[in-house]
Amino acid sequence: MENYRIDPSKGMEFGLYSLGDHMPNPLTGERISAQQRINELIEASKLAEQAGIDVFGVGESHQTYFTTQAHTVVLGAIAQATSKIKITSSATVLSVSDPVRVYEDFSTIDLISDGRAEIVAGRGSRVGAYQLLGVDLQDYEEIFEEKLELLKKLNEEEYVTWQGEFRAPLKNANILPQPKNGSLPIWRAVGGLPASAIKAGVMGIPMMLTTLGGPASNFKPSVDAYREAAEQSGYDPKTLPIATTSLFYVAETTKEALQGMYPHINGGFLAIRGGGYPKQQFAQAPDTRDALMVGSTQQIIEKMLFQYELYDMQRFMAQIDFGGVPFEKIMKNIEIIGNDIIPAIKKYTAK
Amino acid sequence: MKIVALAGSIVGSKTKTAMLKTVEILKQKYPQHEVTLIDLAEYTVEFSDGRSYFEYEGDTKYVTETIMAADAMIIGTPTFQASIPATLKNIFDLLPVNAFRDKVVSSIVTAGTAKHYLMVEQQLKPILAYMKAHIVPTYVFIEEKDFLRKEIVNDDILFRLERLVEDTVLTVEAFEAIRRKKDEEYDF
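Sequence lines, in order, name chains A and B.
The first sequence runs 1 to 351 under my numbering.
The second sequence runs 1 to 188 under my numbering.
Simulated from the structure, these hints should not be mistaken for lab results.
One should not assume that every hint holds.
Chain A is nowhere near these chain B residues, computed Cβ spacing over 12 Å in every case [unchecked claim]: (1) Glu55; (2) Thr64; (3) Met68; (4) Phe80; (5) Asn90; (6) Leu95; (7) Val97; (8) Asn98; (9) Gln123; (10) Lys132; (11) Asp183; (12) Glu185; (13) Asp187.
Computed list of lysine to aspartate or glutamate pairs in EDC-like fashion (alpha-carbon distance at most 16 Å, straight line) [claimed, not checked]: (14) A:Lys279 with B:Glu166; (15) A:Lys199 with A:Glu145; (16) A:Lys279 with B:Glu185; (17) A:Lys351 with A:Glu309; (18) A:Lys279 with B:Glu184; (19) A:Lys180 with A:Glu145; (20) B:Lys21 with B:Glu162; (21) B:Lys181 with B:Asp102; (22) A:Lys279 with B:Glu46; (23) A:Lys279 with B:Glu143; (24) A:Lys152 with A:Glu104; (25) A:Lys199 with A:Glu142; (26) A:Lys255 with B:Glu185; (27) A:Lys10 with A:Asp224; (28) B:Lys115 with B:Asp71; (29) A:Lys255 with A:Asp224; (30) B:Lys2 with B:Glu166; (31) B:Lys89 with B:Glu144; (32) B:Lys29 with B:Glu166; (33) A:Lys255 with B:Asp187; (34) A:Lys255 with B:Glu162; (35) B:Lys2 with B:Asp71; (36) A:Lys255 with B:Asp183; (37) A:Lys347 with A:Asp7; (38) A:Lys152 with A:Asp98; (39) A:Lys279 with B:Glu162; (40) A:Lys238 with A:Glu252.
Cβ atoms here follow ideal geometry from the backbone N, Cα and C, with glycine treated the same way.
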């Protein structure tokens with residue numbers, strides 16, 4: 001775990017992440033400017049740090065309704081604006097980038113932030129980036145595996161010799177700058193299903209697993225498959241961290257939380273998936289056993305501890321800004337997370 | 001209420017004839033509802049390639065967005081090789097998972113012989129159920145001999161089409177009432 005800068009004795013880490021989505025607030029129909037959205041993300045990272053949150057992540061999506069396509073630049077600004085919080089992508093769509101450039105960028109962010117940068121590499125669940133950046137979707141599977149292997153190799157070796165199908169070969173290449181302590185934590189983003197979790201396990205790479213909703217127990221097979229695959233491939237699962245992620249909205253009461261979140265989750269799903277979030281399913285979400293993190297402070301704490309028992313994960317990442325959530329609601333969530341949720345979670349999970 | 005009548009084949013006349021008749025009955029019985037006939041023979045639809053339906057352009061975007069905006073869809077399908085035609089399956093493949101949640105879907109099927117009368121049960125309904133449609137249980141099965149020169153000549157078929165149209169509209173109303181009642185329980 002130390003390789004990945006995780007100290008389990010301090011308890012489960014709590015992080016925030018954003019896709020950098022840029023949608024109108026469904027309650028007012030108004031959309032803030034891209035500039036304001038990006039500045040508010042940087043502002044949120046400062047508030048998160050002050051609240052004692054461990055990690056802050058920003059992801060990339062290259063299409064309508066998104067604004068952090070240049071997520072490494074935003075992460076660089078966050079590195080400069082903060083001093084303690086870990087900084088990660090959530091995720092980097094590795095398939096459409098050159099792993100060498102990705103490694104250079106994140107090593108630089110690591111130096112700016114004094115050793116706080118991490119990479120979460122994913123394939124992306126939206127295909128806009130592939131069209132825009134000229135990557136053939138036919139190669140969706142293979143291009144990602146090859147690039148992730150290369151990224152891992154760049155992280156492990158100082159001089160890299162490599163040959164593959166989707167990038168020019170490297171001959172004794174020295175990738176500069178190097179991260180502060182020689183390597184970065186590199187995670188694989190997994191969309192929920194076991195097939196991708198198994199690939200992460202086989203590669204012996206930490207897994208960030210999305211658990212966006214529905215019964216938490218549905219994601220347990222992916223966690224088990226990941227650890228089993230790691231073990232079969234000669235890695236000790238106890239040395240490999242797992243993070244889970246979910247949409248998140250906390251308020252003083254259950255009713256307030258449901259009322260606060262529903263317009264945003266429904267509007268956000270409508271905008272990027274073309275279908276809303278069913279009310280009947282949303283009404284079940286505050287139940288401890290449901291993975292969607294919506295409810296009162298106490299309900300959220302119970303959900304997180306339930307999932308901690310179930311998955312034994314080292315980190316939980318919350319997405320609190322999806323679907324045009326106004327900044328005052330984001331601030332309120334960060335406040336409750338810092339004041340009430342993190343102390344309770346750490347108390348229970350610290351060893 | 002928005003109702004789409006979808007003729008799912010790009011060849012032949014039987015399914016088209018049945019759908020034209022269905023639209024005629026719909027317009028006569030329910031002039032207040034908005035009825036759109038989509039005859040796939042009149043559109044050039046791309047094969048599904050993984051994009052979201054609204055990211056396509058031209059006919060593909062029009063057809064999928066019109067279906068997604070509907071409250072009910074009446075699907076007309078011929079029988080090809082003991083199943084639905086690929087053109088119709090492609091429409092399903094273009095749509096997202098759960099695309100038919102809160103939509104009512106009913107079916108009209110044409111076939112060369114009576115041997116195919118379970119095709120809808122075995123091939124079409126499982127897809128509709130997977131996509132979360134409220135399926136109207138009965139469907140209208142129409143054989144070659146029920147047509148004469150692009151007209152339906154079997155009175156039984158005409159009566160059954162009328163009943164299918166009624167059942168489709170009433171099922172939408174019933175599920176709207178259920179949803180309204182459920183939503184009243186929620187205070188978000």
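Results of checking the hints against the structure:
1. Separation of Glu55 of chain B from chain A is inadequate, the least Cβ-Cβ distance of about 8 Å not exceeding the 12 Å criterion.
2. Non-interface status of Thr64 of chain B relative to chain A is broken: a Cβ of that chain comes within 12 Å, the nearest being about 9 Å off.
3. The Cβ of Met68 of chain B sits about 6 Å from the closest Cβ of chain A, inside the 12 Å cut-off, so the non-interface label is violated.
4. Against chain A, the non-interface label of Phe80 of chain B holds: every CB pair exceeds 12 Å, the least being about 28 Å.
5. With a closest Cβ-Cβ approach of about 17 Å to chain A, Asn90 of chain B is found to remain outside the 12 Å limit, as its non-interface label requires.
6. Its closest Cβ contact with chain A, about 9 Å, brings Leu95 of chain B to no more than 12 Å, contrary to its assignment away from the interface.
7. Its closest Cβ contact with chain A, about 8 Å, brings Val97 of chain B to no more than 12 Å, contrary to its assignment away from the interface.
8. Against the 12 Å criterion, Asn98 of chain B falls within the reach of chain A, whose nearest CB is about 6 Å from its own CB.
9. Its beta-carbon lying about 24 Å from the closest one in chain A, Gln123 of chain B satisfies the requirement of being farther than 12 Å from that chain.
10. Its beta-carbon lying about 9 Å from the closest one in chain A, Lys132 of chain B breaks the requirement of being farther than 12 Å from that chain.
11. Distance check for Asp183 of chain B against chain A: the nearest CB is about 6 Å away, which does not clear 12 Å, and the non-interface claim fails.
12. Residue placement check: Glu185 of chain B does not keep its beta carbon more than 12 Å from all beta carbons of chain A (closest about 8 Å).
13. The beta carbon of Asp187 of chain B sits about 6 Å from the closest Cβ of chain A, which is not more than 12 Å, so the claim that it is off the interface is violated.
14. A threshold of 16 Å between alpha carbons decides the hint, and for Lys279 of chain A with Glu166 of chain B the separation of about 28 Å lies outside it, so the pair is violated.
15. About 9 Å separates the Cα atoms of Lys199 of chain A and Glu145 of chain A, which keeps this hinted pair within 16 Å; it holds.
16. The hinted pair formed by Lys279 of chain A and Glu185 of chain B meets the criterion: a straight-line CA distance of about 10 Å does not exceed 16 Å.
17. In summary, the hint linking Lys351 of chain A to Glu309 of chain A is supported, as the alpha carbons are separated by about 14 Å, within the 16 Å threshold.
18. Annotation: proposed proximity of Lys279 of chain A to Glu184 of chain B holds, straight-line Cα distance about 11 Å (limit 16 Å).
19. For a cut-off of 16 Å, the pair hint linking Lys180 of chain A to Glu145 of chain A is broken: about 26 Å separates their Cα positions.
20. Restraint check for Lys21 of chain B and Glu162 of chain B: satisfied, since their Cα atoms lie roughly 10 Å apart, inside the 16 Å limit.
21. Proposed proximity of Lys181 of chain B and Asp102 of chain B is supported: the alpha carbons are some 14 Å apart, at most 16 Å.
22. A distance of roughly 33 Å separates the Cα atoms of Lys279 of chain A and Glu46 of chain B; the hinted pair therefore is violated under the 16 Å criterion.
23. The suggested pairing of Lys279 of chain A with Glu143 of chain B is violated, with an alpha-carbon distance near 42 Å, which exceeds 16 Å.
24. Simply put, Lys152 of chain A and Glu104 of chain A have alpha-carbon atoms about 13 Å apart, close enough for the 16 Å limit, and the pair holds.
25. Proximity of Lys199 of chain A to Glu142 of chain A is assessed by CA-CA distance (about 12 Å); at most 16 Å being required, the pair is judged to hold.
26. With a C-alpha separation of about 12 Å, the suggested pairing of Lys255 of chain A with Glu185 of chain B holds against the 16 Å cut-off.
27. For the given pair, Lys10 of chain A sits about 24 Å from Asp224 of chain A by alpha-carbon distance, which is inconsistent with the 16 Å threshold.
28. For the given pair, Lys115 of chain B sits about 32 Å from Asp71 of chain B by alpha-carbon distance, which is inconsistent with the 16 Å threshold.
29. Taking the CA atoms of Lys255 of chain A and Asp224 of chain A, the gap is about 34 Å. The hint is violated against a cut of 16 Å.
30. Between the alpha carbons of Lys2 of chain B and Glu166 of chain B the distance comes to roughly 14 Å, so the proposed pair stays at or under 16 Å and holds.
31. Of the pairs offered as hints, the one joining Lys89 of chain B and Glu144 of chain B is violated, with about 23 Å between alpha carbons and a cut-off of 16 Å exceeded.
32. A hinted pair counts as satisfied when its Cα atoms are at most 16 Å apart, and Lys29 of chain B with Glu166 of chain B qualifies at roughly 8 Å.
33. At roughly 7 Å between alpha-carbon atoms, Lys255 of chain A and Asp187 of chain B fall within 16 Å of each other, so this suggested pair holds.
34. The straight-line distance between the Cα atoms of Lys255 of chain A and Glu162 of chain B is roughly 46 Å, outside the 16 Å bound, and the hint therefore fails.
35. Taking the CA atoms of Lys2 of chain B and Asp71 of chain B, the gap is about 5 Å. The hint holds against a cut of 16 Å.
36. A C-alpha spacing of about 14 Å is found between Lys255 of chain A and Asp183 of chain B, which places the hinted pair at or below 16 Å, so the restraint holds.
37. The hinted pair formed by Lys347 of chain A and Asp7 of chain A meets the criterion: a straight-line CA distance of about 14 Å does not exceed 16 Å.
38. Simply put, Lys152 of chain A and Asp98 of chain A have alpha-carbon atoms about 13 Å apart, close enough for the 16 Å limit, and the pair holds.
39. Taken as a hint, the Lys279 of chain A and Glu162 of chain B pair is broken in the structure, with Cα atoms around 34 Å apart against an allowance of 16 Å.
40. For the suggested pair Lys238 of chain A and Glu252 of chain A, the alpha carbons sit about 37 Å apart, so the restraint of at most 16 Å is broken.
When each numbered hint is compared with the structure, violations occur for hints 1, 2, 3, 6, 7, 8, 10, 11, 12, 13, 14, 19, 22, 23, 27, 28, 29, 31, 34, 39 and 40.
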